[in-house]
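Between the sequences and the hints, there should be enough to build the whole structure, so can you do that?
Chains as they are written, first to last, in the numbering used here: chain Y, 1 to 352; chain C, 1001 to 1352; chain U, 2001 to 2352.
To be clear, the hints were calculated from the coordinates, so they are not data collected in a lab.
Check before you lean on any hint, since a few could be wrong.
Pulled a few chain U residues facing chain Y out of the computed Cβ check, cut under 8 Å [stated by the list, open to error]:
no.	residue
1	G2043
2	V2045
3	V2073
4	F2075
5	G2089
6	V2090
7	V2091
8	H2099
9	R2101
10	P2105
11	I2107
12	R2109
13	V2176
14	L2179
15	V2252
Restraint-style ranges between C-beta atoms, simulated for each label pair [to be verified]:
no.	chain 1	residue 1	chain 2	residue 2	range
16	U	A2280	C	R1042	44 to 54 Å
17	C	G1043	Y	R9	54 to 64 Å
18	Y	E152	C	R1042	20 to 30 Å
19	Y	E152	C	G1302	17 to 27 Å
20	C	V1091	U	D2223	53 to 63 Å
21	Y	R183	U	D2008	37 to 47 Å
22	U	E2152	Y	G324	32 to 42 Å
23	C	G1043	U	D2008	44 to 54 Å
24	U	E2152	C	E1137	27 to 37 Å
25	U	E2152	Y	G349	24 to 34 Å
The structure displayed is predicted, hence computed values, not measured ones.
All residues carry an ideal CB built from backbone N, CA and C; glycine is no exception.
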Amino acid sequence: MSTLDLSDRNLLSTLDLSVDEVREVVELALEIKHGAHRPDFRGRVAALLFFNPSVRTRLSSEAAISRFGGSAVAFHAGKDTWNFECRDGVVMDGATQEHVRELAPVISRMSDVVGIRKSELITVGNADAGVTSDYRELKRDEFLHAFAEHAEVPVINLESNTWHPMQGLADAMTMVEALGDPRGRKYVLTWAWHPKSLPVATPHSQLLAAADLGMDVTILRPDGWSLDQEVVAAARSRAEALGGGVRESDDVEAAYRGAHVVCAKAWGSLDYYGRFAEEAHAKRVLREGWIVDAAKMARTDGARFLHCLPVRRNVVVADAVLDGPWSAVKDEAENRLWTAAAIYVAMLGGGR
Amino acid sequence: MSTLDLSDRNLLSTLDLSVDEVREVVELALEIKHGAHRPDFRGRVAALLFFNPSVRTRLSSEAAISRFGGSAVAFHAGKDTWNFECRDGVVMDGATQEHVRELAPVISRMSDVVGIRKSELITVGNADAGVTSDYRELKRDEFLHAFAEHAEVPVINLESNTWHPMQGLADAMTMVEALGDPRGRKYVLTWAWHPKSLPVATPHSQLLAAADLGMDVTILRPDGWSLDQEVVAAARSRAEALGGGVRESDDVEAAYRGAHVVCAKAWGSLDYYGRFAEEAHAKRVLREGWIVDAAKMARTDGARFLHCLPVRRNVVVADAVLDGPWSAVKDEAENRLWTAAAIYVAMLGGGR
Amino acid sequence: MSTLDLSDRNLLSTLDLSVDEVREVVELALEIKHGAHRPDFRGRVAALLFFNPSVRTRLSSEAAISRFGGSAVAFHAGKDTWNFECRDGVVMDGATQEHVRELAPVISRMSDVVGIRKSELITVGNADAGVTSDYRELKRDEFLHAFAEHAEVPVINLESNTWHPMQGLADAMTMVEALGDPRGRKYVLTWAWHPKSLPVATPHSQLLAAADLGMDVTILRPDGWSLDQEVVAAARSRAEALGGGVRESDDVEAAYRGAHVVCAKAWGSLDYYGRFAEEAHAKRVLREGWIVDAAKMARTDGARFLHCLPVRRNVVVADAVLDGPWSAVKDEAENRLWTAAAIYVAMLGGGR
Chain Y
1 MSTLDLSDRN
11 LLSTLDLSVD
21 EVREVVELAL
31 EIKHGAHRPD
41 FRGRVAALLF
51 FNPSVRTRLS
61 SEAAISRFGG
71 SAVAFHAGKD
81 TWNFECRDGV
91 VMDGATQEHV
101 RELAPVISRM
111 SDVVGIRKSE
121 LITVGNADAG
131 VTSDYRELKR
141 DEFLHAFAEH
151 AEVPVINLES
161 NTWHPMQGLA
171 DAMTMVEALG
181 DPRGRKYVLT
191 WAWHPKSLPV
201 ATPHSQLLAA
211 ADLGMDVTIL
221 RPDGWSLDQE
231 VVAAARSRAE
241 ALGGGVRESD
251 DVEAAYRGAH
261 VVCAKAWGSL
271 DYYGRFAEEA
281 HAKRVLREGW
291 IVDAAKMART
301 DGARFLHCLP
311 VRRNVVVADA
321 VLDGPWSAVK
331 DEAENRLWTA
341 AAIYVAMLGG
351 GR
Chain C
1001 MSTLDLSDRN
1011 LLSTLDLSVD
1021 EVREVVELAL
1031 EIKHGAHRPD
1041 FRGRVAALLF
1051 FNPSVRTRLS
1061 SEAAISRFGG
1071 SAVAFHAGKD
1081 TWNFECRDGV
1091 VMDGATQEHV
1101 RELAPVISRM
1111 SDVVGIRKSE
1121 LITVGNADAG
1131 VTSDYRELKR
1141 DEFLHAFAEH
1151 AEVPVINLES
1161 NTWHPMQGLA
1171 DAMTMVEALG
1181 DPRGRKYVLT
1191 WAWHPKSLPV
1201 ATPHSQLLAA
1211 ADLGMDVTIL
1221 RPDGWSLDQE
1231 VVAAARSRAE
1241 ALGGGVRESD
1251 DVEAAYRGAH
1261 VVCAKAWGSL
1271 DYYGRFAEEA
1281 HAKRVLREGW
1291 IVDAAKMART
1301 DGARFLHCLP
1311 VRRNVVVADA
1321 VLDGPWSAVK
1331 DEAENRLWTA
1341 AAIYVAMLGG
1351 GR
Chain U
2001 MSTLDLSDRN
2011 LLSTLDLSVD
2021 EVREVVELAL
2031 EIKHGAHRPD
2041 FRGRVAALLF
2051 FNPSVRTRLS
2061 SEAAISRFGG
2071 SAVAFHAGKD
2081 TWNFECRDGV
2091 VMDGATQEHV
2101 RELAPVISRM
2111 SDVVGIRKSE
2121 LITVGNADAG
2131 VTSDYRELKR
2141 DEFLHAFAEH
2151 AEVPVINLES
2161 NTWHPMQGLA
2171 DAMTMVEALG
2181 DPRGRKYVLT
2191 WAWHPKSLPV
2201 ATPHSQLLAA
2211 ADLGMDVTIL
2221 RPDGWSLDQE
2231 VVAAARSRAE
2241 ALGGGVRESD
2251 DVEAAYRGAH
2261 VVCAKAWGSL
2271 DYYGRFAEEA
2281 HAKRVLREGW
2291 IVDAAKMART
2301 DGARFLHCLP
2311 VRRNVVVADA
2321 VLDGPWSAVK
2331 DEAENRLWTA
2341 AAIYVAMLGG
2351 GR
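Shown next, in the form of structure tokens:
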């Protein structure tokens, strides 16, 4: 029986969990997956606020509680709901109708845990996002933190501008499943070309997941597409404490050589943040060289291929990789379910 | 154990419950809140039709059944569903695709209770509502009553043009919690300025809640912003039968003096109904004097402050009131959950 | 106890079930309806993907699992989700973001059964559908079959371009309830005029339902509005094997004479498929003669009237029929719930 207790904690960033706690979540998730621990969420309600579209996150967040007797209520904010305010002291005579100072405690009183997805850059189709602010502004994840401050139950970040901790946990679980103890094994987080400028939240949490397992991490990306250096520094510090490390590189050939895990992700440049047309022009020369294909995977040490999904086939990764022996993307997605269940157990209690 | 049985009744208006029944609902809700009565809704399904956005109402309606073993299915009408017809004898070759004569019995056959939110004036943002009819037309709540007529299970009004009975019950419960026996205590329902013209359904049901507790009620509003006089007369009759009373006034200072409860709500003028630009012009001089602030609350007898939420901070009510000792708005919202559970118990049975 | 086992099967077309299996589903559904069999779906999750609006299908699909302890998660694709790709080998640099090769296994890993509604012709209001392809293209139901191919759990078609098998099963159950053994009884599937061009999926499955019960079937439709001849041939073959038959006719008077069941449905001409304005012009002379009214029903042998709903009153069928003794449409809709529960039992196991 797990002793992990997050009942008075939030999970807003992967950094909210210690390295030991990440391992405990993974172990609990493995026990739940294999039937050694059966959660009991009867009478428990998860309230889920989606400001962005979602398949995996919503299904895993709902199924993880409802298959063990609880239930979830999902809101699609801005369609089913009001517009929310989170600045203090404002005179609300404009377009916002409800303040998080009311919203957060009210939802808390009617539920046992709250999940929130709010990212300014996730959109459907090729529509431009309406982002004009720069990344330093958005990385504050203002609504999420304001909500958590005023909530009376644990709050889970289901993807913000900066972090996607539930994806990181699923990746960690998948690597433990695949490698046993991943400590010291070679992990490559590779940037990929994509027609849009995607958020950095997921690669941030994926990077942390590998660091928290003490892996030898390479962030493979072109010049100008670095991740948030604060996040990179935090990951490096955690990895090094376990005997691993974090380096950045644009040497594709060297990065793949001997890798045990290749995790692909497209993300937008923080330098170009909000200037999407300019970034698209600047990266057009990068389309050819960065796709994950069978030739690159052949240079690895039989690496497992990870991607958070959804993934654009033959743009980010070739069919041959997704349909070949390397791919662990289905297990990785499935593990969203078990890690979500483990987090609920840690936050809500229940089970044996 | 409660003996309240609403299994062959609807709750379309607060007037559908007798004063004694309102008290029974409140007592049952208090028992459920404190664990003295645990409902058992296993196998029960609530179907919820939302024609308008909702946070509190949807979450409370879903959580109240699902935390006790049942489940809810929420529809966002007009998006997830067809357009509905409720006039009899019509040749349906226009924009409507399904008649309530089919819709209501069909939903009834697949569920145990139906909740409906349908108000012509609830919108998101500052968009004008598309209302052209006058209030006398809309107050008939035609769809709601046609649905209830053809339904085969109990129907709950989750806010119509005229009534919001579930809000009234939560307010009643909150006042009983705060005051013990509210009979004869001074209750002020104050109008507030708001950039939009909001529905009268909620203040109608709030007024009734205070009347049904036998309180000494003042409706504080500017000339021209009276509530529906039929509703006011019904409230007065109920209040007086219990030794209370209902008066209307525009004397702000006198109204607050010695109050035990101040309930704020913005609503649109019935005289200007549908002529929103004209009303906005007429009420621009009212913006300053009607906000609920600390100075006004200081004149009360330590009154509890109520608001149904969502509320525009520093427009309807000042931060100092919402964040100060007067505020009962979180309890009031939470009580939406417990009163909903009580109504389900009365309609569905179950529990001990 | 039913021995019907569909745990490694899909239900994409009514033809996926043998005639014997259709009868077994109907019998199991009747047992569940009458309490002789109580399913146990605790811990089970149904994932439901709706690309089109739905009332009956969504409520029956959700309620059938949740009233017996399981739960459902419904997605409104294109609003809550990504755009999906199902062509193999494509370079996904356009408007699609996720391939069914990922989507299907991922949803499978998080759920126990998947339901999909995807029809190009179902729209709300009078808006033209965006269909330009011809019927031969759309009848392949490409997304549905691609999803099923890559899914790891049973997939249920909740209405595609070609089939609506869950409606067919509910119709079969309703006829067994009304007639006992429907074999050899006269069944009329009548076309009706409608302002829009509606899909053929439902009449296809309704036709099969009558054929699978061995009925004497007449498809009553104007010249130019034949159903898919492949489907008609399959239905004829199944009906004849049981001593029934299938004929097509445009003789309204003869068709109604002595009928035991009249099932009405509007559908678009396969010849005009996608050319809606031309079809509307061609069928304008058909508006008067095809409505199901009391005079026509009076010629039957006390026939039961069926319609899948929603139905346009006084366009497809007269008030007098829907509100008269002939109508079985409420039972037919209710039976969507019980047949859905029976299919879940067959696919998921559980119950006694």
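Hints, verified against the model:
| no. | hint | verdict |
| --- | --- | --- |
| 1 | G2043 | 5 Å, holds |
| 2 | V2045 | 5 Å, holds |
| 3 | V2073 | 5 Å, holds |
| 4 | F2075 | 7 Å, holds |
| 5 | G2089 | 6 Å, holds |
| 6 | V2090 | 7 Å, holds |
| 7 | V2091 | 4 Å, holds |
| 8 | H2099 | 5 Å, holds |
| 9 | R2101 | 7 Å, holds |
| 10 | P2105 | 5 Å, holds |
| 11 | I2107 | 7 Å, holds |
| 12 | R2109 | 4 Å, holds |
| 13 | V2176 | 33 Å, violated |
| 14 | L2179 | 39 Å, violated |
| 15 | V2252 | 46 Å, violated |
| 16 | U:A2280 x C:R1042: 44 to 54 Å | 50 Å, holds |
| 17 | C:G1043 x Y:R9: 54 to 64 Å | 35 Å, violated |
| 18 | Y:E152 x C:R1042: 20 to 30 Å | 28 Å, holds |
| 19 | Y:E152 x C:G1302: 17 to 27 Å | 25 Å, holds |
| 20 | C:V1091 x U:D2223: 53 to 63 Å | 26 Å, violated |
| 21 | Y:R183 x U:D2008: 37 to 47 Å | 41 Å, holds |
| 22 | U:E2152 x Y:G324: 32 to 42 Å | 18 Å, violated |
| 23 | C:G1043 x U:D2008: 44 to 54 Å | 29 Å, violated |
| 24 | U:E2152 x C:E1137: 27 to 37 Å | 54 Å, violated |
| 25 | U:E2152 x Y:G349: 24 to 34 Å | 32 Å, holds |
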